[in-house]
Amino acid sequence: MTSDHTTTWLFGRLDLSSLPIWQAIQSPAISELIAGAAAMIVIAGAIAVIAFITWLRAWRSLWTDWLTSTDHKRIGIMYCVLALVMMTRGVIEAVLMRAQQADGLSGGFLTPEHFAELFSTHGTIMIFFVAMPLVAGVINYIMPLQIGARDMSFPVMNQISLGLTATGAVLVMSSLVFGKFSTGSWAAYPPYTGLAFNPGPGPDYWIWSVAIAGIGTTLSGINFAVTIYKERAPGMTLFRMPLFCWTVLCTSIIMIFAMPPLTVATLMLAADRYLDFHFFTNDLGGNMMNYVNLFWLFGHPEVYLLVLPAYGIISEVVATFSGKRLYGYTSLVYATMAIAVLSFCVWLHHFFTMGQSANVNIAFGIASMCIAVPTGVKVYDWMATMYRGRIRMTVPMIYVTGFFILFVIGGLTGVILANPTITYQVHNTLFLVAHFHNVIIPGVVFGLLAGIHYWFPKAFGFRLHEGWGRVSALLWIFGFSFAFLPLYVVGLMGMPRRSANFNDPAFEPLMLAALFGAALVLSALAALVIQIWVSVRDRDKLAAPLGDPWNGRTLEWATPSPPPHYNFAVLPQVKDRDDFAAAKANGRAFADTANYGDITMPKNTALGMIICAAATLLGMALVWYIWWLAMLSVLTIVVAFVARTFMLDTTYTIPADEISREHRAWLARVRAASPITRDRETDDVNQGLAVLELPETLKASR
Amino acid sequence: MRHPGINLGEHHGEAHDQAETLVFGFWVFLMSDLIIFGLMFAIYVTMANPVGMAGGPGPKDVFDLTSVFIQTMILLTSSLTFGIASLAMRHEQGRGRIALWLGVTLALGLGFLGFEARDFANMIGMGAGPSRSGFLSAFWGLVPLHGLHVSAGCIWIVVMLIQMRTFGMIPIVKTRLLRLGLFWHFLDLIWVGIFTIVFLAGISA
Ligand code: HEM
Ligand SMILES: [Cu+2]
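In order, the protein sequences belong to chains A and B. Convert by adding 487 to the 1-based position in the first sequence; the result is the number in this note's numbering. Convert by adding 7 to the 1-based position in the second sequence; the result is the number in this note's numbering.
Hint data in this document are derived by calculation from the structure and do not stem from the laboratory. Source: prediction; values computed, not measured. The beta-carbon is built from N, C-alpha and C at its ideal position, and this holds for glycine as well. Watch out, some of these pointers could steer you wrong.
Chain B stretches covered by chain A per the calculated footprint, using a threshold of three residues with CB under 8 Å from any CB of chain A [as the list claims (entries may be wrong)]: (1) 22-32; (2) 96-103; (3) 108-114; (4) 144-151; (5) 169-180.
Selected chain A positions facing chain B (Cβ under 10 Å, derived; list incomplete) [as the list claims (entries may be wrong)]: (6) V643; (7) N780; (8) D1063; (9) N1073; (10) F1077.
Please construct the entire structure, taking both the sequences and the accompanying hints into account.
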């Protein structure tokens, strides 16, 4: 073997010229410099994180308390951290794109390829590595607590899901340092992403990051659904579940049925690219419409997968911060189910213009409009919940208010777009970009941020700083409005999406407004980071360890904050919907009991991390054609998996007296504390014990 | 009945209790896997036409129905033998009996794979590999995917035979065998679909 052969054998098609840093040195134009700088930032960021952990001497604790943990609460937090890191990148890319288009009349400063790479990574990251992990994270943390379970049904599989999601994120991040990501958008339509038009590693990065993360999501869906069906506490009938759990159930059903089309589509595209198949090629009988159908068969349910949990969060937040039982619970449940079913019947509205007959278009158009009905039901239910409630405008409620106003606009433009004749006019314009950001940001992102602010004290034992939270929430709301409402106009004026520049001067003022909005969003993110920093610094003042800072209504608030590993010292006996509110009203909350039992919990395992590492290497090996590494990684995954099945000692038991000791210590603190009224909810005195207030007290005395 | 399919029964105690969640979870997984196969079938159907065949060989040129029939018989029999193994487990007829019938199932599975591999090699030999046309891509995407599942099932049987020997019939081994059984019968079901939609419909068209 010559040395040339050896390097190809060792490194596949990876060489010096695939490094953006090297390219920036070779030809320092602005686009290359930005790419090189991004690579440097990733490397520097990685080094900084490693240094920081070493400085904290936290490696051991990171490994034993977090990475190898099977605790659904820790896994949930790790999902959220991953999502926030990726969100930073996604938002920075968004600002770059906005800056480019603001300068688009004179051509901008980025090459069209670089701009294409930006919207592709931005879209992929925001959907798969921000919205999805945030959803999975919040579900992981909250759902088992709300149904009175000790953990997920399959805690190790849960860890593997996280590992596979992280793999996808790492692959996208690696594409900044090694080579380039796809320029084929987040939907990656062939034949453009096929080998004939795109032989480079870009589409392969997209394929493997999305395919691997997608498998993780399928497993999550199975886990969530089985947990809800099988792990509910005694007395927790389905129709006593908090509404959030209902939305989680519907979301997980969507995960189970809608992720497979994505897996199939990505793997078929991979077969075309790697094995010379002809599923989607232009020649030899390939048919790219199959890809488009498969992709949107996943893609449309996906958006409901994301937004349903947000609806659930909003239901919880509205009920709690209005001090009222959720209005129209049953109708909300059926609306959720209706949306889940309808979400599978409308995928074609993403390609009305791609040549099917008018009748087919009309059928899908009407189906799409139908979704507005159950969604409308929900909005009215939430408003009725607030009516005459004891409303407090805390940070989650600010987000929810932003949601109400803005999301309705997004929904209405959705109904407009569901009309095929209109779509023919505005397809592929910025009107569409405005629409989907208008549902995704006020809907999914605001909903999740509201949830994070609402449940943060549960997870960490202290509240988030209220002032910075308000700043951040308002910046998000106004930033969004400036960044996207102008795009409706510019879209109607005919500006195509995904264009790096334009030549109609009428677009420019609106593009400048949009850039201003994007800058506000960036500041909102900065305010969020500052808020977290300030809150951690002042955690003693903000502490609410007793567990119920908002006068909560559902079971998760009946535990100390943060809850112990096993969640509930004794499994709750559920007697009512909003069981904790009912328990507080008739005095059965915070009761001691004589029958503590031993609790068996799953042990830590490194399996998830091993699979994550091996899958990451597998992805890199496939992207760069390093076949020996690909085979080695597959082998590692299989062996690790089989070896795990030979381990029998996978649980440990916490003795009853340790549990009773911990639980009684907490009860004693609750008894000693003085409960606070809702007026002082955001003051330092809020230790997490609530005075009963209207209308609960009224109801109890009745 | 605690879950669809063969139940171990109350006399299995802990294993029976654990089966409720574990087997239910596995059913849900199979449902998801079924979607994958369903989509591959749909793709196949849309490509099994002259446009998809792009002038290349069609079903009549490449399918060997005799061999496919033998494969079908082998696989159906293997489902029967797995069923006998499951019943032996349910009625606690001893490890040896269970292992025997699992062994027979494994042999049949390998036999199926052998015939299938031979057919695949023949197809490649006559220039009917996946690169020839969209139709053949769809075939090579669907049928080997099933074969891959069967191979995974065979490895799983081997692992279970080892675990039965080293651990005995402990609860986790029993619930794993229950799930393996579902998997095996599921693959049979898929094969019935392949036999009908790919082979019979292909030859008769
Ligand atoms: C935070 C503020 C955000 C800004 C300023 C922003 C801006 C942009 C811009 C400028 C584009 C390219 C538009 C074009 O095609 O010309 C884009 C595309 C996109 N964005 Fe955002 N975005 C933001 C947040 C999000 C979020 C939160 C999500 C999803 C969770 C998201 C998902 C997408 C998707 C899927 C695309 C389409 C990418 C493609 O064309 O393939 N964005 N965004
Ligand atoms: Cu859609």
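Hints versus structure:
no.	hint	in the structure
1	22-32	holds (count 4)
2	96-103	violated (count 0)
3	108-114	violated (count 0)
4	144-151	holds (count 4)
5	169-180	holds (count 5)
6	V643	12 Å, violated
7	N780	9 Å, holds
8	D1063	26 Å, violated
9	N1073	33 Å, violated
10	F1077	31 Å, violated
Hints 2, 3, 6, 8, 9 and 10 from the list above are not met by this structure, while the remaining hints are.
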